Each structure stands twice: as C-alpha cells, then as structure tokens.
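Each protein sequence line maps, in turn, to chains A and B. Quick note: the first sequence, position 314, residue 314 per my numbering, numbers continuous. Quick note: the second sequence, position 221, residue 1221 per my numbering, numbers continuous.
In short, the hints are calculated from the structure, not lab data. Just so we're clear, the structure is a prediction, and the values are computed from it rather than from any experiment. It is possible that some hints are incorrect.
Claimed, not checked - Incomplete in silico selection of chain A near chain B, CB under 8 Å:
id: 1; residue: PRO72
id: 2; residue: ASN76
id: 3; residue: SER78
id: 4; residue: ALA107
id: 5; residue: PRO119
id: 6; residue: GLY312
id: 7; residue: GLY314
id: 8; residue: LYS316
id: 9; residue: TYR415
Using N, Cα and C, we set each Cβ at its ideal position, and we do this for glycine too.
Protein chains: 2
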Amino acid sequence: MAENLIQTFVDCGVDVCFTNPGTSEMHCVAAIDRIEGARGILALFEGAVTGMADGYGRMAGKPAFTLLHLGPGLSNASANLHNAKRANTPIINVVGDHATYHAQYDAPLASDIAGLARPVSHWVHSSPNAASMAADGARAVAAAMTHPGQIATLIAPANCAWDAASGPAHAIVPPPLAQPGESAIADAVSALRSGRKTAILMRGACLMEDGLELAGRIAEASEARLMCDTFHARLQRGAGRVAIEKMPYFAEDIVDFLAGTERLILIGTKPPVSFFAYPNKPSWMTPEGCEIIHLATPEQDGIAALRAVADGLGTKPAQNLQPLTRPELPTGGPFNAYTIGTAVGALMPENAIVSDEAATSGNGCYGPTEGCPPHDWLCLTGGSIGQGLPLAAGAAVACPDRKVICLHGDGGAMYTVQSLWTMAREKLDVTVVIFANRKYNILQVELMRVGAGNPGPGALNLLDLSNPDLDWVKIAEGMGVAASRAEDQDAFNMQFADAMKQKGPRLIEAVI
Amino acid sequence: MAENLIQTFVDCGVDVCFTNPGTSEMHCVAAIDRIEGARGILALFEGAVTGMADGYGRMAGKPAFTLLHLGPGLSNASANLHNAKRANTPIINVVGDHATYHAQYDAPLASDIAGLARPVSHWVHSSPNAASMAADGARAVAAAMTHPGQIATLIAPANCAWDAASGPAHAIVPPPLAQPGESAIADAVSALRSGRKTAILMRGACLMEDGLELAGRIAEASEARLMCDTFHARLQRGAGRVAIEKMPYFAEDIVDFLAGTERLILIGTKPPVSFFAYPNKPSWMTPEGCEIIHLATPEQDGIAALRAVADGLGTKPAQNLQPLTRPELPTGGPFNAYTIGTAVGALMPENAIVSDEAATSGNGCYGPTEGCPPHDWLCLTGGSIGQGLPLAAGAAVACPDRKVICLHGDGGAMYTVQSLWTMAREKLDVTVVIFANRKYNILQVELMRVGAGNPGPGALNLLDLSNPDLDWVKIAEGMGVAASRAEDQDAFNMQFADAMKQKGPRLIEAVI
C-alpha cells in the first residue's frame, strides 16, 4: 500500500517527491501527506517534474522520487528522463497505473507503460500486488543508487496502492562499486610515462573536487591534458580547484582540439564522437593512430582509478590550481552573450550553482566564470532542450543555501516554462537569465552545416521565434516570478547585481 | 531524400506540417520550404505539435504530418499522440534520427526511437536508405488513412534525408473499408424489434451528420436510445441534427444512465467501463443480463451498418431533429461554469468548432449549447490533459473560415500553453476560455472518491494551482495573444460577445 512505499522511501533517505499526480496516484499523494519527513513539490507539467528530479539528484547525490500519472504522465516526463539517464542521475519514478483488474478493459488512459519506460530507464518493474510494493520500492532505491546512478521506474497499479499490506520494507544495499582492472591501471601509468602526448577524458564523479585534485596531480607529473565531455552532468570548478578543458561542440572544433593526441585515457566515458553526423564529415573524433585506454568504465570507480594511477606515478598534491580572477564588469558598449557572461563572471557569488542551457550563448558565459569563487556547473546532458529551468529548480531544492543561476536560451526555456511557477511557489533562490535572441540560433547555424542549401523564408520561419516576440517578463510574472528586461549592458548589470543580492526567484530577459 | 518524401506527401494531399525540428530534420525543413504546396507551422513544444495535428486531422478528415526531433521530440509529442490514437485521428509522424552510420556511436541524443514510438503508434517503420524513403512515406500515408484512422510513425535517419534518390513515390490506396457482418446486422435488427429496452452506443464516423441521421431513423422506428462515449473525437450536433445522449463520466452515474438497458448495440466502440477503477466499485458498466451486440467494430464501416439496419427496419427519414433553442444570456447573479456555458450557448456562432477540455467545468457548457446552430464538438479522447489548446489551433488551421472556441481548465491548459504562440503567429481564429478555478478540481473530487482518507494540507497543496495564482492574461499576452480577465458574468458576456465578433486569437480568463 502507498503508506508502506512512501515510508520505505523516507527510511532510505529518499524524502523529496516532485510530482504532477492524477486519480490513480491519489493514495500516494495522501501518503506523502501523512508520512513524516516526506515532502511533495508540485510542478505543472511532468517534463518539469523530471527535470527537477535531475537537478536535485545531481546536487543531493541521492535520488528524489517522482510521482507520474500513467503512460501519458511518463511520456511527458521522458525527454528529461533521457537527459537524466545520460547524466546518470539517480531518480526513482513511481508511475501510477490502472488497478490490475481494470487493465483488461482498455480504458482511455491505458497504455503500455513498461514499453514507454524502458527506453528512458535502467530498471523497470511493475508491482504485482500491495504486499510486494514496499519491497519493490526498496529495490527501486537500490537500483537508482547503483553506481554511477540510474533511472529506476516502478509502475504502481492503483489497487497496489490502496490494498492493505503489512509494513515498510528494509533498505537494500546497492551492489558494491566495481573496481578498475589492474591491467588498465598499468596501461594508463605506462601511457603517462611514455612521453607521448596524452589526454585524460573524464566523466561522472571524477569531475568533483576530489577527483579533479587526483587528476591534477597526474597532469602535473605527466604533462597530460585533462578534459571533460562537452555536456557534463556536474563539474566543480572555479578558484582553488584543478581546471579541466571542456571538449568543444562542433565536429571540426573537436578535431582541432584533439589534434596531436597520441594516447587517450578514458574514465567513465566513451571515445568522443560528433554530436550529430554531417554529410562528408567524420563522426569518430579520436585522431588516427591515437591509442585509447579504457581506464575505468562508467560502472567502475573512477576516483579509485585516478588514485591508483596517481600512486603509480608517485605524484604530489596538485599545485596548479585555478587562481581567483574575476573579469571587470563591462559597461556600455556591445550587449551579447559574451558581455553578459562577463558580467555573470564579475558578479556571481561564491558557491553558486549554474544550470547551463544557454545553447549558442553558453560559450559566452563559460570562459569568463572560470576564475570565479568555487561553484558547480550543470549541463544539458542528453541534448533534449527544456532541461535548464527545472534542473535549476531541483538544484535549489537540494541546496537551499546556495544561489542558483540558470542561463537559458529562449527556445529551450519555452519547453518547460511551467517550472517558473514551482520556483515561485517554493520560493527557490534561482536567478534565470533568458538569452532572448528570438530564434533557434543553433538550428540556423546547423541548417548551413548539414548542407541543406540556401534556406528560404519558409525554412527560416520554422527556426525563428519572432512574429510574435515572446515577452518573457509577462510570461514570468504570469507564473508569479519577478522579472525584468535588459536591452543593454548597463541595465543587465544592474538587474543581475540586484538579483544576486536578493533571495528568491527572479528572471531577467536579456534581449540580444 | 527529403524532397522526395515531402513531394510524395503533397502528392497524396498531405500538405500541412506541424513541427518543432532539430538538426537531424534540417533537410526536411529545407524541403518543406522548396516543395510547392507544403506548409510548415512551427509550435514551440512537441506536445503542441501533435495536439495540433490531431485537431487538424479530426476536422480535415486527412492527416497532417509532424516533423519531430529524434527520441526526445517524440517523447514530448507522445501524450497527445496517445489522445490522437484514442481518437483514431490520421496522423503521420516523421521522426528524425541520427544518420544510420552514426547510430553505433551512441551520441547523446541517441535513443530507442522505435521503442518509444510503438505504444503511441499503429504503424512504425524506419527508412533504411534514401532510395526507399519516398515509398515509405507513401506507405505511411496509406497506414494513416486506413479506417478508422491511424497514427503512422516514420523514422527518418538524417542520411536518408540528405542522400540523393530518384524521385517521389506514387500514392498507395489504403485497404478497402471492412463491411459489418450479415449476422451482426440481423442480430441488431432483431434486438431493435424485440420490444426490449435497447441502446445504440456509437463512435467514430457515425457521429457525423449522415450517421446521426441514420441512427435517428432507427431510434424513431424502434424507440432505441442513441448514445455516444463520454469522450468522443468529433460530434456534429446542434439545431437540425439528430441529438444523441452522452455517457456520463463517473461510474455511478453511468450505472444510473444505463439502468434498465436490455440490449446494447455497439458501433465502432467497446462496452462502457469506468474511466478509473475505484475500491469496491465495479469497472464493468453494462447492466447485468443486458445482451451486447457488436454491430460494427472500429475497423468496419459503421455508416454502412447503420444503413443496413435502417433498411432492415424499413425506416423513414428522421423527423425528431434538434430544434433551434438558444438560452437567454445570463446577467448579474452567480458566475460559474454553468452560467459561462449558458453565455456560450447564447452567443456561439453557427458552424463553430468547440475544443472541450474544460474537465469539471465542461458539463456546464455541453447542455446549454445543444440547441445552438450546427457545430462540431471535440473532446479530450485519451485522458491525457493538455490537448484542448493545440487541438483548437489545429482545427483552426483545417477550417480557417470557422470560429473555434476552446473551453479549457486551467490545470490542463498549462501543459501545452506554448500553443498560444502558434495561434498568434498563424493568426488563428480561436477564442480560448480558461476556467480558472485555480485547482485540479477533478483530483480534489477523485481524492475523496478513491477512499484515500481525509486529505491534509500537504495533499491538497499538490492538487492546488494557487500560491501563486496563474495570471492567464499576462501569460497569453507574453505569447502574443490578446487577453482579458472576467470576474463576473457581465464582464464575461461582454468579452465573449466581443471575441465572437472579431477574428483572430483571443483568451478570456474566467475566474470562477
């Protein structure tokens, strides 16, 4: 029954629920209300629900659970589950279903929930009865917490939630963290000692401070370059930390970036490939002749791998740390993604969390913030736009004492715009900057790059957000979020500085 | 290649594309621009895209095609595809995918597109190469046009769109309409002559004027009741047409509604069941002992079945037609869903199209409009909220000379609120009435009905849209739609009357 399930979650430390429930979830809603320690947070669309669970999971290091309404609720949730799956964020989805005996009637809301769940989940299970539901919940928690983090989807038929059952289940310990192989470690040490140009490409927990410090030792001992994927789930960066190079986005830029690399050591990631295929351009980005060493798979302990290699090389604590260097606040002059990014770099407080879905405007912010006080940077991991706003909201729920800055393109922000309302209701400390270039700029770039010929007005019209222009101030205010518009740099500086001083949700539409 | 695919669609009469494209769809975007007769309509979220395609398909009687961006685009599109599937609306989805040779690399946007497509499609196919793409498109059209209407999903890898190929494909004739069985017709005639209390429950094309006229003849000759499902795809109703009873929503009301029925004749639908299961209440709604006669399955020709039965009974043209009776415009006094519905009934123009997702407010509008001049009524067919706005937009694209009235609950309207922008861009003649009760009222009702106990504030909070209140006027204006707020009946009357006189998009927030 629902109480047992929710109590099991809470006992396992899973106490935050992001939801947009329906009739079949009403017993779970009532249980969240009754079980002490459970907190329910409403979002007005399921894509916002799972984006929030992703942001929460990345920052809390443990899963939230979602409560979704049958197949369609899961469908709406799925694009951001795709992103979360690519981020390996631990998330538990509880998807309500018709009572088991009602399934035979194919009522209007019936659909193949398990079929919908599989492409966006690592683990899928449907509870057969009320007695097993709590234990299924404990298994879902263990599945979600299995390294490096998984999407666990538990289908909960309504009668399993309302029939009586004996009590909550005990926590299940997730499988132990798999260790990297000795030979892979030896190969990495040998590559790093070879004198060949070597790069270490890392993903996952290695991008947290401890992993970066180990990587920094190795880099100092071997002259290896440190790299992360273009779209990492969470990177700890800023002053006092070991800096890492970020892979560029476009294929030809990756080729330049990796040119000359003779050894590529992978930790928790795959060899780099282009994000999309392009006619007559390669997809595979590793330079010809470069040896690839799989030091640790995503399922293995990447930190342990770094430590073993650092020990093997006989390294000392990393010295080459990012100095504290803030850019000057730009005043007057041009107003674009770079000047905005410079202002963010000048004003961003210590310990901020940045949710970056600024697309073509993102590069403008990444560079100028590298020397800011320590902060976390979260990216759109699966390429499915509409993650940045709810990701920021979820991060703010996980870290109520930290300022969250959401840098967002206007096209993507419309996808899960409902997230603004939850920011207002929960009084989350999120400052949203909308880069309002009034087009899907990346697509106008890509249209040329894929060789689709000279676009006519009909094609450009489908990549354009004007006619009419979106008024982000009205949209945000319509959902209860204080908002302002900046049409030049000085206005932006003033509005952003003000937002950094206040707590609570705030949106700035930067018209660029 | 993309041009051949789009040309094939246009040659088959499929010339409207609702889309939110991405990089892998750029050749299709360019082709829509180049092929004469193709029209691309941008929506700012894929749930709006497919809701529009559903509204278009219901009113045009032929499919639009959608253009969606890989698995996540399809995921976002899926909830309204679920609704469209339940409506048997013909729709063709073209889902872009990575180039076939790029699939091996598992790039960030890669996912199991076919797996995501199957639960929301009747037909799924992935083009293997450019040469087959146009023929696959022709097959998709035939699949979509197969009676009673299907969702056909064609996966289009990027290289199939950009590689050269020889030319468009010829149209494929869909399979012929299956005829109802002789014995089923004889059983129905015999039931209708039996003197037992008989009801005819119809769905699909039978709910258009011609089918209703035949059903009316039968009812007059036999005293049978005529019924349609609670959530029909499209019903032609109003003055001069044969009226039909609508099944109520709640299980106990259906029991009362069907009480005493001894023979239930089904055309294009299934025996009625409750929308959800409830503890200790039956799901199966047909009265005990009532004989069920399956006159025509959804795949069979329901109109032919009605004609055969009408002939078998020796009927005459239906006499009992709905008289023209409009309610008086209510002034002053209370302001609620019923008074609003009465005003709609008083003011609705001839030939209007109503998109009804008003949920608990919907009943208030259905009764007072029954005697209005002829109009079409479209319902939320699959229970997945967020269909009404895009459905209205798509209907307006299909029928540019008819006034579309969208009656919408506030909770559901937030799901695909992006649809408002497309209404503004395309200058669609849609008047949206938002029933702003500031809660998921149906869930507050259902919470009690499922026996989840007395809800505490935490539970009610998850079913409530206040704190903060949504400001629909700002939200609509933020997307370019003229909007106003009505807090009493007189204000509503004036605003709605004004909207009926103007063309173009308009939103009225009715605070009830």
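Right, here's what the structure says about each hint:
1. PRO72: holds (3 Å)
2. ASN76: Holds. Min distance 5 Å.
3. SER78: holds (4 Å)
4. ALA107: Nearest chain B Cβ about 6 Å off; hint holds.
5. PRO119: holds (4 Å)
6. GLY312: violated (30 Å)
7. GLY314: Check failed: Cβ of GLY314 (chain A) comes no nearer than 36 Å to chain B, outside 8 Å.
8. LYS316: violated (36 Å)
9. TYR415: Holds: closest Cβ of chain B sits about 5 Å from TYR415 (chain A), inside 8 Å.
Of the numbered hints given earlier, the model fails hints 6, 7, 8; all others are met.
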